[in-house]
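Protein chains in written order, with this note's numbering: chain A, 1 to 521; chain B, 1 to 668.
Among the clues, some could well be false.
[What the hints assert, rightly or not] Each computed DSSO-like pair below joins lysine-lysine, with the alpha-carbon atoms no more than 27 Å apart:
1. B:Lys84 x B:Lys322
2. A:Lys424 x B:Lys257
3. B:Lys179 x A:Lys260
4. A:Lys424 x B:Lys318
5. A:Lys421 x B:Lys257
6. B:Lys179 x B:Lys322
7. B:Lys519 x A:Lys92
8. A:Lys92 x B:Lys523
9. B:Lys257 x B:Lys318
10. A:Lys424 x B:Lys322
11. B:Lys127 x B:Lys86
12. B:Lys181 x A:Lys424
13. B:Lys257 x A:Lys419
14. A:Lys235 x A:Lys207
15. B:Lys179 x A:Lys424
16. A:Lys93 x B:Lys523
17. A:Lys93 x B:Lys519
18. A:Lys235 x A:Lys305
19. A:Lys305 x B:Lys229
20. A:Lys7 x A:Lys93
21. A:Lys260 x B:Lys181
[As the list claims (entries may be wrong)] Restraint ranges, calculated between C-beta atoms of paired labels, are given here:
22. B:Pro281 x A:Glu476: 31 to 39 Å
23. B:Ser190 x A:Glu476: 34 to 42 Å
24. A:Ala302 x B:Thr232: 27 to 35 Å
25. B:Arg456 x A:Ala172: 47 to 55 Å
26. A:Asp423 x B:Phe387: 27 to 35 Å
27. A:Phe512 x B:Ile582: 25 to 33 Å
FYI, nobody ran anything at the bench for these hints, they're computed from the structure. Owing to the predicted nature of the structure, the values given are computational and were not obtained by experimental measurement. Ideal Cβ placement from N, Cα and C applies to all residues, glycine included.
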Amino acid sequence: MIDRITKFFCSLRLTVFLLCAGLVLVFVGTMAQVDEGLYDAQARYFKSWYVWKPTVGHHVWYLLLPGGYLLGSLLLMNLIAAHIKRFQFTTKKIGIQLTHFGIILLLLGQLLTDVFSRESAMRLVEGTSSNYSEDFRENELVLTDVSDPTGDTVVSIPEAKLKAGGTIQDAALPATFHIKQYWQNSICEEMPPADAIPANANKGLYKGYSVLPLKDPAASADARFAAVIQISTAKGQAGTYLVPSRVESDEEQVITVDGKPYTIAMMFAPMLGGNLLAISPEGEMGGGSMVTFPEAELKENAILKRDNLPMLIVVKGYWPKCRLYRLPTSNSVVPKISEGALAGFFVTPQAPVTDTEHRNLPAVVIELANPSGAFGTFLLWTGLEGPAAIESFSIGGKTYQLTYRFKRYYSPFRIGLLKFKHDKYKGTDTPSNFSSRIRLVNPQTHEDREVTIKMNSPLRYAGTTYYQAGFDKRREDVTILQVVTNPSWLAPYFACVLVALGLIIQFSIHLFGFATKRRTA
Amino acid sequence: MKLIYKFLPWFFLALFASEVVAVLAPKPDGVYHVRDFGRLPVLMNGRVQPFDSVARNSLLQMRSTADVALEEVPAWKFWHHPEKLKSTAWLLELMSQPDKADDRPVFLIHHPELLSELGIENIGVEKSGLRYYTFNQLRPHIPEILEQNRQAEMVDDSSRNPLQRQVIKLGNAVFLYQKLKFTLCPQDESDMNAVLEQVQSTIPSGIQAFDLKDAGKPYDKAAYDHMLKIATEFDTLQHEPGAGQNYPLAIPPVDPKTSPDEWGNVGYGVMTSIQARELFPPLVWLENAIGAYREGDPALFNESVTKYSSWLQEYMPKEAAKGRHEFFFNDIKAFLHAMIIYIFALVLTGGSLLTFGTANQLSESLRRSAFYLIMLAGVVHTSGLIFRMVLEGRPPVTNLYSSAIFIGWGAMVLGLVLERIYRIGIGNGVASIAGFVTLMIAHNLALGGDTMEMLRAVLDTNFWLATHVVVVTLGYASTFVAGLLALGYVALGVFTPLLSQKLGDGGAKKSASGMDVGKALAKMVYGIVCFATLFSFVGTVLGGIWADQSWGRFWGWDPKENGALLIVIWNATILHARWGGIIRERGLMNMAIFGNIVTSFSWFGVNMLGIGLHSYGFMDAAFDWLRAFIVSQLIMIALGLTPRHFWRSFKTTAAAPGVSASKQPAAT
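Pulled out of the complex, with its shape left as it was, chain B reads as follows (with noise of 0.2 Å):
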């Protein structure tokens, strides 16, 4: 049995390290190299980055997954793997054959008034209660759809109801499907590789026809409009309003060396070439690789592939690395792996409380797994933070995103640090909500889009981002992991005897005994608090000393700085408090619960008042979880203030003489 106990932290270990290094393995590509595609870089949103991207960036826009599920499988048969279309292989189809990606289901639409207005409540794809439909679905509703989204767009951002937000969100997503289709294949061709050779046997003769026309001489009229008309299609298309927006520039630029930012779309590729009196050859692969893969011939596909590669790999290293690290990256998919440990290290942390006192051995076996797994956990999603500043060249916060990644990685150093001091548990428990909620929240917010997003000019510079942003998010972590603490405290403190449990009763041989859990947790409660307000305050001193060196002012009374503000004001109160002996143990508790409801406000409520200079942007679906979650907060602190006969914790220990730590003000 002792046995049994020292192995299963290592048998854990052992179980999902082996699972992270499967996902590191290089993968096999199938017949067509649809993963060498999907590393080819291509210009999006003002930056570079691979087909992968692209794809998996608008499948979330569309049906807030990144792949697309072939089969849809009930929940319960959680051994059967769906088959998927992968994200690149989707683009791929979408790009080659849209009459067969239009019978994909990649549209959600969740809202039942949308669904019963458009009159398709009972068509579409159904899993989980959610409802999936395709374009072919969609497509007589198409007119219905832009005029409410027409209509919604006239309403004010903050203003808009549930239904206007999900009517923009489908008319964007259908928007922005039509336009991926269109993105190596105009609208109005269906071959362009016809089209290239069209264009090379038009070459030589139309441009003599308007050398002679220039000149003055007679030259050959056929020619000569032909030539024009090709040139007039494709110099519209390539000043297209909206290309390198609405879908991916592909094609590299002509002369990598003197303008490595001059990517263009299919009629820069055509007009180029016009120009240079010579197909383009970039241009000529991926058209020749889609056209592969639409007329199903695996061998061109794949030469083509690999040709363009090795001439990316040439011209232009730099794009080319990009585009295969960040493929990597959207592959490996660290904080997904890294949630899954979480979550698996709170239940075993959730096992180690739970036996804690009755068998005190397992209990000791299970928080050290847990332990394990959180170092495990800590070691993927550190590499993933990693991998992601050296993608983007910028330091770890840069828009919301990053920030829940990176509150959630400064919750699990803290809460790792505390159970190595001490070793109840409490540390794991910490450390893996943090961890999971916040990677959770980070999902959620990669639905908006793109999360590696060019930085508008003000923020462009990497020494305030690695300064305040990433000082003022850590006050943020340590002011959440002191209202965890405080939120464990009193849960523990009401249901629980283990308030008043000594440190060292279980199975913790090292740590110090003399001390009961709940004085311990208010030993931290008040240390993390400590951090937080240097953290809170050194942060938003910075903030300030930024904007003085922006535009001229330390402080303007911004929602956002505000919103730091509180949080270094609270902090400060809770010490205040402390020291002047207002609040003792329970009431320093309750104040970093609250801690957590102003921690979110600044967070995310300052950015739904939708002004101020820095705000990121309007979001809508987290405005409920943010009540919700106010509220849970409140609740909590109801609980605290309840009297001490109703904590078990202290309905035992109220009876043993001279027992109640609890009753003495902490000695700071």
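In isolation and in its complexed conformation, chain A is listed as follows (with noise of 0.2 Å):
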């Protein structure tokens, strides 16, 4: 029986099976990559034991196929097996040998991979230094005790416990979490103020906002001026847009008028006399066609219109200074709460997202309590930063800051950001080269260097590696390095020089064998 159990393990047929399902594997994975996204075919089709009912060209099929950890390690026992059982070491099969055992610790090499290394996320402002990464799609909420003069002390919760609800209780927390609700992916914003005036846009990117007008002149950096206009044209009205100044953070908001895309906005020019509408073919902005409208026309019911634009705007409403609030909208939660940054905010909550571009942002309602009973109701949100972000509560003389956030690996040392550079080729978008000059500060080794990473040249230091990722594409001083810790990442490079020094000794063997035998012949 065990005879047979090892012949089946050493046997060429296996490998020749394996090899098969590992073809179709590999196929059917890479199809279904379209249906079911890069990220999640991975986890069910290569980091999984089996997959049931496979995607392949938009369709399910009833099929139960092994997946990748189950091939991969079946591969590896009938390797090791073979090996075992038939090692020579005769200069005739040194190749295959030398072959196997680089297949063998690349197999073993990513199995570590999988199981030990770290991708994170370091997103710096030039003139910034941070001593953390953070991970693409976990979160964390962290209850750190401030009252300590002489270090901080930090507990943190992971994400998992938050979404399994009920109550957290441990030693090393001064109070007890009742997690009273969870939402995966959400959206928390401040509920609009009373005195705040619905804009009644029926289209466009503001469609169910309202809008706070600030009388205040000197009230606040973060005003902005904003318009609702309605659109109409020979064949009948086109919507109704709330059109606001653009910060940083907004899209171009791109309208469709007879069947023709425009871009609206309100822009500061004071070349053209300061405040004004521009409205132009998509993607023509600044451009010769594009259209304004000063300030001074933007009256309530005033009627614009221009020869080169064939349409008619009626002005609803002008406000020079104002604050924009999105409305509830019907699946919106008011969730109850008693105290926080986020008292009097609502949360919306949004499909969970799957794909590598984008990343869920959970929101939580936690109820803190002592023996004596509940102390108090938060808000947290991970789609909050800075001060915001932090709530701050007193129990039995300490102070606690307690956020909600992505979760966060430190360094010992820290990474400034110096300048980052983000060059195109000439007249195009093609990027041609992105550079983040960085100074690294480590004052346990008492390093404190400057290093230039770029694509195709990370930094390598003290077991992690930074990678030139990305860029924010709203900011240009921003730069966004990949960090990954990765202890076995050298185990290819050596896996690549033994298979390709294996292969060409067994085939030099068998070419001059063969060329030999020719010659005899």
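Since each chain comes alone in its own frame, lean on the hints to assemble the complex.
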């Protein structure tokens, strides 16, 4: 029996079968990416033991396939078993031995990578530095005891615990955490104040917004100016749009009039007389076909038209200083919370995302309690940055800070961004190079040096590698570094050399042996 | 008779070699030195290239040919060369006399539905079933074309139907055509030379007026306004979005020493002239040349081009040389000539195989002729490849187009080596088919636009392009060669008795005897699969290492990576199945043919998935070809699986005792 099992595991037939199964799996897994997305398909087909109901060519097939882990480990067993059984240290076989040893190393290396490697991202603005990177998908709830002057005590609660709901109790926590509500992906926004005016836009990016006019001229740096306009043509009404001045994070607003796309925006152009409403065929903003209406024309119920603009615009409202608020939708939730920065906010749940481009922004409502009862309920959301993201409370004479954020990995050294360069080929949008000039400061080793990280030239330091991964579409002074720790990163390098060497030796033996035979024949 | 057989190969070689020499010989320029104009460098799509490349690539995108035929000659009158407007001459005409150019048939539309929708199926110039249209013929339909184009663009890349793809192609062609017109003469001007004279005369008074106004002193209002008008117009033009992408930047940098990349359009030329308070000479020469070409003044045209050329030679020698060399490269059409020689060699190879066994001396003579011709084609192919590498300053493979050329090159070399060893014509067949087909594919890929486009940042590394990309492409090439040999085996085996012929039965004196052709083919396929395994494995792992270097993960299950992995797995499967005795000669052949499917999927198929980090982009027509190719390979496998008694090669030998070598597993 054992004999038959060993024979089975040593057989070339098993190898051939496994290789064929591998061929099918890789093919199916590649095709499935079209429908399932790269990240999910990778997890379902390659990082799994079996695959049930694969998708090929937009169809789901009732099939059970072996997964990547199963095939990989069987191949590994097959290889190792065959080697133990048939190992001969002869010059004739040395090529095959080397090749197979290389493959074993490669497979093991990938297994280790799967288990131990960690990818995260570090976003740096020019002139700032950081000693942590953030996970691409995971989040954490962090409680910090800031009352100790010698240093903070930090407790991190993983996302899985929040998702599970219920009650979290731990000796490290000064209070009991009751998870009241949890949304895997959401947007949290401030409720519009009572004196905000609904803009009544029925189309465009700002459908369902209201406008809060600001009286005090010195009021705020974040004030915008905005107009509500109704557009119509000979064919009828095209729609009512809210057009605010743009801030950094906004998208360009593109509207469709009589089947043609136009870009509309409010702009501040001192050369042309200050605030104005601009409209142009899509993609030609600032070009010769752009039409502008100065602020003075934007009176309520004024009718705007120009000869070269095939539409009629009626001004429904204009506010030189205002703030915008999104109105809650029918599936928005107003959680009952007693305090914190997000009191008076509402939560709009979003569909969870699965692709690699976007991430979920979960929100959670937590009630804190001590033996004498509940003493505070907070809403926490991962989509916030800066002070707004941190809630503080005191208990037992100690002050704590609570924040819900992207999971962080800290390093004992700091990396600061000196200069980010994003070069394009002249006259095109094709990037020619990205590079980040960074400063690495490690107080433990008294290191302080400057390094340039660019495409195909990462920084490897203290077991971690920093790669130039991307840029911020809206800001030119921001770099995004990919941070990878992978203890087995060298395995493929050795494996490649071993296999190449092995194959060359083996085929040379064949080729020369064959050539000699031919000569003697 | 023997003498003829002996000289035939040399005759063919001399014939084609003299054609190649004739192509290389310097060609005279016409009354207008249009060829000199074609050599002038401009900047487009981020790279310096001659006017000729702009013209050629634009024409390829619009009408799928690099020249404009002025008269249509029926295909059977092949001796009659139709008069042609060469690429540069066409561009010159478009830029200087757009009215005349608007009557040239430069738009190819071949989708019948689109033609009938636009109601133009009965006009235009027809040639070999293709219809070409002039801009004037399309003019009344442009709003409709643009409207349809816009609708088609709202559909996702991968789900567009052929009509939508054709509409987008036509829309882009019309857009490109319109933009090219205004390269040296802006849309609202008719005579740039008059404008330049005006600018020159306005500069002193206008600048004075500006200075006075700034100082708060009384100033000449008319001069001020005039200056402001010119400056506003040309400053807007200077910053026009899409300049350098939709049309070339023809005006060289004012200060080539410090900022050699600062090429600009006419707006840039005028604005820098105003800043410098005198007209920028290259702008004047270019506008003079355009004006002279319009007005019919060859002397002024030639003088302007010569002056500008010597200016370039003095201040931008590198760019001037780039323009000259790329023009030469465009002009000789190395790959086209290689393709013609390959196809001729293929015909000779076919003749040699057909006469094998019946007229052995003729067969050997033809085989030798084919061999010489393939070597000649190989020299031309290799020179083109190297010239391209030097022009680009890159390793041989940078995009899909160059991968096709390189795969053909690798297959050609392997085929020649096989032929040198076995001398039975099979290597000739492989080399000529692979050379011809890959160059044909490359030719079709070139219709997409510039084939020497700049590389995105992550690909901008000669080290990895030279190692990973070259090695993995060689892996593709050798897998294809093995598949081609196997196709030959099945075709010859089923339809001819050749497989059971002994090597050396024919005219090949030096080749080893005692082995039959079938067995020799099996040896070849086995050897090539070994090579393919080595190259594809090393290439794939090097790709992983590159990924590790550039974004920190060795393997990401990206479609392109998976495609390469499929080839490695399949080659390894073939080898293990052979070693395990699971397959024999015919099994080996069938598996090798399946290798063609796997390789074509990784080479082209994964690009059609439209996802992944390094897809080259979506290609439409290629999808149908790929499907047809896969079906044809499956048919061949089915043929290869038919029982032995259907095979002509084995029918005859089955009777002969003890000859059937294919029944014994070949020793490995």
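Consistency of the hints with the structure:
Straight-line distance between C-alpha atoms of Lys84 (chain B) and Lys322 (chain B) comes to about 26 Å, which keeps the hinted pair within the 27 Å bound. Using a Cα cut-off of 27 Å, the hinted pair Lys424 (chain A) and Lys257 (chain B) holds, with the two alpha carbons roughly 20 Å apart. Between Lys179 (chain B) and Lys260 (chain A) the alpha-carbon distance is near 21 Å, which keeps this suggested pair within the 27 Å criterion. Distance check on the hinted pair: Lys424 (chain A) and Lys318 (chain B) sit about 21 Å apart at the alpha-carbon level, within 27 Å; holds.
A distance of roughly 22 Å separates the Cα atoms of Lys421 (chain A) and Lys257 (chain B); the hinted pair therefore holds under the 27 Å criterion. For the proposed pair Lys179 (chain B) and Lys322 (chain B), the alpha carbon gap of about 24 Å is at most 27 Å, so the pair holds. For the hint pairing Lys519 (chain B) with Lys92 (chain A), the CA-to-CA distance comes to about 24 Å; that is within 27 Å, so the pair holds. With a C-alpha separation of about 19 Å, the suggested pair Lys92 (chain A) and Lys523 (chain B) falls inside the 27 Å cut-off, and the hint holds.
Annotation: proposed proximity of Lys257 (chain B) to Lys318 (chain B) holds, straight-line Cα distance about 12 Å (limit 27 Å). Between Lys424 (chain A) and Lys322 (chain B) the alpha-carbon distance is near 21 Å, which keeps this suggested pair within the 27 Å criterion. For the suggested pair Lys127 (chain B) and Lys86 (chain B), the alpha carbons sit about 18 Å apart, so the restraint of at most 27 Å is met. With a CA separation close to 26 Å, the supplied pair Lys181 (chain B) and Lys424 (chain A) stays within the 27 Å bound.
This hinted pair checks out: Lys257 (chain B) and Lys419 (chain A) have alpha carbons roughly 26 Å apart, not beyond 27 Å. As the CA atoms of Lys235 (chain A) and Lys207 (chain A) are separated by approximately 22 Å, the hinted pair is consistent with the 27 Å bound. Under the criterion of a C-alpha separation no larger than 27 Å, the hint pairing Lys179 (chain B) with Lys424 (chain A) is consistent with the structure, at around 22 Å. For a cut-off of 27 Å, the pair hint linking Lys93 (chain A) to Lys523 (chain B) stands: about 20 Å separates their Cα positions.
Note on Lys93 (chain A) and Lys519 (chain B): the hinted pairing holds, with a Cα-Cα distance of about 25 Å set against a maximum of 27 Å. For the hint linking Lys235 (chain A) to Lys305 (chain A), the alpha-carbon distance of about 16 Å falls within 27 Å, and the restraint holds. Between Lys305 (chain A) and Lys229 (chain B) the alpha-carbon distance is near 25 Å, which keeps this suggested pair within the 27 Å criterion. Between Lys7 (chain A) and Lys93 (chain A) the CA atoms are separated by roughly 20 Å; this keeps the pair inside 27 Å, and the hint holds.
Only pairs whose Cα atoms come within 27 Å are accepted, and Lys260 (chain A) paired with Lys181 (chain B) is accepted, the gap being roughly 25 Å. For the hinted restraint 31 to 39 Å between Pro281 (chain B) and Glu476 (chain A), the CB-CB distance of approximately 36 Å keeps it satisfied. With their beta carbons about 41 Å apart, Ser190 (chain B) and Glu476 (chain A) fall inside the hinted range of 34 to 42 Å. Checking the proposed 27 to 35 Å range against Ala302 (chain A) and Thr232 (chain B) shows it holds: the Cβ atoms sit about 28 Å from each other.
Hint check: Arg456 (chain B) to Ala172 (chain A), Cβ distance near 48 Å, so the stated range 47 to 55 Å holds. At roughly 28 Å, the beta carbons of Asp423 (chain A) and Phe387 (chain B) sit within the given window of 27 to 35 Å. In this structure the supplied range 25 to 33 Å holds for Phe512 (chain A) paired with Ile582 (chain B), their Cβ-Cβ distance being about 26 Å.
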